[in-house]
Every structure is written in structure tokens, then in C-alpha cells.
Amino acid sequence: MDSSKPSVFIVDDDASVRDAISNLLESVGLQAETFGSADEFMAARRANAHGCLVLDVMLPGTRGLEFQEVLKQAGITIPIIFITAHGDIPMTSKAMRAGAIEFLAKPFPKEDLLAAIHRGLKLDSVKREERAEIAALQACFAELTPREREVMDLVVTGMINKQIAGQLGISEVTVKIHRRQVMEKMKADSLADLVRMSDKIKAGVRH
Amino acid sequence: MEDLATAAASQKKAKSLIRRFGLAFIFVIAALIPELFVVKHFFPYPFLFLFFGAVMASAWFGGMTAGLFAVVLSILAVDYLFIPPLNSFVINAAAGIYLAAFVVCALVASWVSSSKKKSEEALKETRDQLEMLVTERTSALMKTEAELARLSRILSMGELTASIAHEIKQPLTALVTNGHACLEWLSASPPNLEKARQTAERIIQDGTRAGTVLSRIRALFKKEPPAKDWLDMNEVIQELMVLLRAESQRLHVSMRTELTHSLPKVKGDRVQLQQVVLNLMMNGIDAMTSMNGLSKELVVRSWKQSANEIGVGIEDNGVGLSAEITEKIFDPFFTTKSQGIGMGLSISRSIIESHEGKLWASARPSGGTIFQFTVPIQSQDSNG
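Order-wise, the sequence lines are chains A and B.
The first sequence finishes on residue 207 if you use the numbering used here, and the numbering steps up by one all the way, no holes.
The second sequence finishes on residue 1384 if you use the numbering used here, and the numbering steps up by one all the way, no holes.
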């Protein structure tokens, strides 16, 4: 298995179904891995791997929707495509509300599955880039001194140097020096850039 | 033709009349002989009770006419042989009262006897009619019962529709998906023939599996007269495990079997026995659905009960049955479910009884209920 390439993880208790899906994905050049249950998938520690998840709703043991919740609680954001031979509307809406990419009733058209998988993989890579960016920003932010962080927090609110100096009880010149340090350490090109970074860091902390 | 028939009828009537009168005559003679003997050898006072006997017997066997004839004969015999002056039909005043009393008693005896006989005959006729009616109704009932069993089977299949649909959709999904994959392998450049061939083989397997599921379900719906055949109970149980898998998963019930290997085959109706096991399994699942949080487990066991019986048990850890309900659950129309008709267990019991087995329920020591039934293993030579 090529770990640099994204994978589609198929979790279905019916071997013939998961093998068929894996066969189809392989035939269109996608990398697939199959699991008989949610626990098997967790045991293989693939939850953080690159890719998306095709998950049967009616799994023995930990069920599809429960598993979605478990992953969410654990902060694992792998996109999920649900498949089911039972599908009813309450189940579908619950899964979609919880952030599923798609909910497909078996037997599903090939196009729907592949479209959903491509969307899932795209979303995963976007999210991954975002996370990498946030991680990089957080690393930069960690370089700032406590005073510099204070200055940055006030700068992004739109205060001018004089106001900041007044607020922190320091001279305007000192504020200017701190401000230049912040822009340098955060690798920000402009004030707008810095504001965006600050938002991302805060959002990243929240997540 | 008609005249002939009337003649034959009247001839028959005359014949029966002669027979009746003859009968009365014989009874009276039979009474007369011991009477004469008694009068001659023991005491001279005539005890005429035997004549009442003769009258009653004649009325009983010959009807009112024969009874009256016996009365007349008895009067003549009594008057001639026992009332002085003897050997004469002359009657004096004193003897007249005596004779009159005898006549009244004889008439009453004749009337009582013949009417008793008549009412008894009427009773017998009614009873015969009733018996015929019962036989008729019983056969109608048996037919209805068979139809009811089929309907209840269809009802339980109705509850299982989702599960059945699931069992068919799974292989169909695999089949359709493999079909697409097969086309992809073929349209690759260069075409991957080895992969395409493997995929085509899988398609065949998937199709075969869907077919098997369907024919198994069809067998349960079939409207056929019960037919007993040699069958393996373990096989019956395993087929149902497949059928109920999706349903039990939907309701968060885990199912497992503990089957005794190489269980002797039993002679029985596959559809009917499958219905019983299906019923008991679905009851078990139903008994557990209302419970929250606890693990729900349905266990199906089979064992060799004795040298000539096998046993099957279905255990749940559900709400359980109270002692007074355990007695009632097999009654028709008794149900604890809001959506049941209460026929399942009653039909199941009658099916098991028609297989000469027994079905009963008991409390499971660790909570829940065990339903068990036995089916006799018939000796090989009874396989006709």
C-alpha cells in the first residue's frame, strides 16, 4: 500500500459487498482497504490516515452512526460516506446532520459512489492542508514573546499604535518594535494577512 | 314403479308388525310359564309382576302397539288362568277390581316403557346428528387452521420485510458494483482480462447468492399441504439465522447458536417447523426490544434430548414471563404485544403437537425466557 496516496476505507460486514466496492475502486485506479467492522478499522489505526471512509450503517458491534459519533468525539475528521440496505429518512438526516458526505441506498449507481468518494477525498485533502497551515501558524505563534502576543491581539482588533501604547502602558515606539517583530515572526505580509492568521489560530484552538 | 314401492313398503310394514306382535307374544309366554310354575308349586296367590315385565319389554322393543298387544294378552292370560273361577273368562265383582288394577298398571307400564324408549331414540338421533356436525366442523376447522398458520407465517414475514429486503440487496449491491468494475477492467487500455474474469466469477457468485435467498423465502410462503420429510433441524435454524440477521442488527440484538453437531434427522414438515422456530426467535427478539442499555442476546440451541427425541431451545434475556402468563401464552388470541394477533404460540404448539412433540416455556434463571420444544426421531423403518 502506498501511504502517500489517499485511501478509501471500506467498512461493511458483508464480505462480498466490501470486496465488490474495493474491486470497483481498484478498477478506476483508487486505493482501497476493507474492514469487517468499525472495531477492526480502529484496531488497524487507519482513522488518521489520508482518505475517506465508506461505512455501512448496519454494522455488528459499533454501528455506523455511533461510529460517526465516536470519530467526531475523538477529533478524527475523516469524511464519511454511508451506505445502507435499510436506509430510512430519519437515519439519513441524522447522518447528514452529523456531517456525512453522502448517504447511499444499496444498490447504488456507480457514479454516485465515485462522485461521493471524490468529494470525500477532496474534502480530506483540503482539510489536511488547512490543518497543516494552522499547525505552521501555531508554530510561529509559539515563537512570540508574551508581550508580542499581547500586541498582536490588540493589532488585529484594528487599534492603532497609539491606542495600543495607551492600553498596555508602554511607549508608541516600543509598540512599533513589537509590531515589526510580530509581522516578521508570523511571516505576515500585511495587517489583513495577520488578521486572517489570528482567526485561523483561534479557530484551530477551538477545534 | 310407485305402486311397487308402496307395496314393498306396506309389506315391510306388515312384516314389522308381525315381528312386533310375535315379540309381545313371546314375552308374555315367557312371563306366563314361571308364573304358572310359582302358582302351582309355591303359593296360590298370583304375583303378576312378571307380566308387567313382559309388557315393558314388549313396549321397549316393539313400541306402543306391541306394548298394548302384550297388555291384552296378559289380561286374557291373567283372567283365564289366575282369576277365579279358573280356566274361564268369567269375572266376578271382587276379581273385577283386581283385574282393573292390573289393567291400569299394565297400561301405565306399557306407556312409560314405550315413551322412555321413544325419547331415548330421539336422543340417539340427535347425538348422531351432532356427531356428524362435529366431524364436519372439525375438518373445516383443520382447513382453517392450516390457512391461519399460513397467514400467520405471511404476517411474520411481513414484519421481516425489511430484513428480507436487506438480505437481497446485499448480494445485488455486490453484483451491480462488480458489474461496473468488470466494465472498467475491460475498458482499461490495455484491458485487464484477468481482473475482468475474476470479477465476472464474483458476479456469478453474487447472483447465485441472491437466488438462494429468494428461494428460501419462497419456500416459507408456499401454499402446499403439509408434507413430512427427513430434515436436519440445525439446517432449519441456520437458514433462519441468515433471514433474521438484518432484523436483529436493526434492533441491536446479538444472535448466536449452540448447535449439537451430527444431530439425528427428524421426520417433519420443513415449512411448519421453520415457522415455529421463526416465531419463537421473533418473540424472543420482541421481548428484548423494550429494554434499554442492557445487552440483548438471543441464543438458539439444539441437543439430543434422549435416544428418540431431539430438543431445540430459544433463549432471550428479555422482560421474562410471570408465572400466571406462562400458562396463558399458548392460548389462542392471547397476546402481550400491541400489534400481535396472539396466534403465533398457539399455532406453534399445535404444529409441534402434530409432530408428536412438546412445546413449553420457562423462566431463564438469569432473566428472560426459554422456549423449548422436542421432536421425536422416528426409527428408520417407519420411513415409508
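Worth double-checking, as some hints may not be accurate.
Now the stretches of chain B that chain A is said to cover, found in silico as 3 or more residues with beta-carbon under 8 Å [to be verified]:
1. 1166-1175
2. 1200-1214
Taking lysine-lysine and the DSS-like style, the derived pairs with C-alpha atoms no more than 27 Å apart in a straight line are [what the hints assert, rightly or not]:
3. B:Lys1118 to B:Lys1015
4. B:Lys1358 to B:Lys1143
5. A:Lys162 to A:Lys176
6. B:Lys1143 to B:Lys1013
7. A:Lys5 to B:Lys1195
8. A:Lys110 to B:Lys1195
Since the hints were derived computationally from the structure, they do not count as laboratory data.
Predicted model only: the values in this text are computed from it and were never measured.
Glycine included, each C-beta is placed from N, C-alpha and C at the ideal position.
Going through the hints against the structure:
Interface restraint, the stretch 1166-1175 of chain B with chain A: holds (8 residues with C-beta to C-beta distance below 8 Å; minimum three). Coverage of a stretch by a chain is defined here by at least three residues with a beta carbon nearer than 8 Å to that chain's beta carbons; for the stretch 1200-1214 of chain B and chain A the count is 4, and the condition holds. For the given pair, B:Lys1118 sits about 21 Å from B:Lys1015 by alpha-carbon distance, which is consistent with the 27 Å threshold. Between the alpha carbons of B:Lys1358 and B:Lys1143 the distance comes to roughly 22 Å, so the proposed pair stays at or under 27 Å and holds.
Between the alpha carbons of A:Lys162 and A:Lys176 the distance comes to roughly 10 Å, so the proposed pair stays at or under 27 Å and holds. Under the criterion of a C-alpha separation no larger than 27 Å, the hint pairing B:Lys1143 with B:Lys1013 is inconsistent with the structure, at around 45 Å. Of the supplied pair hints, the one linking A:Lys5 and B:Lys1195 holds, its CA atoms being roughly 22 Å apart against a limit of 27 Å. A threshold of 27 Å between alpha carbons decides the hint, and for A:Lys110 with B:Lys1195 the separation of about 18 Å falls inside it, so the pair holds.
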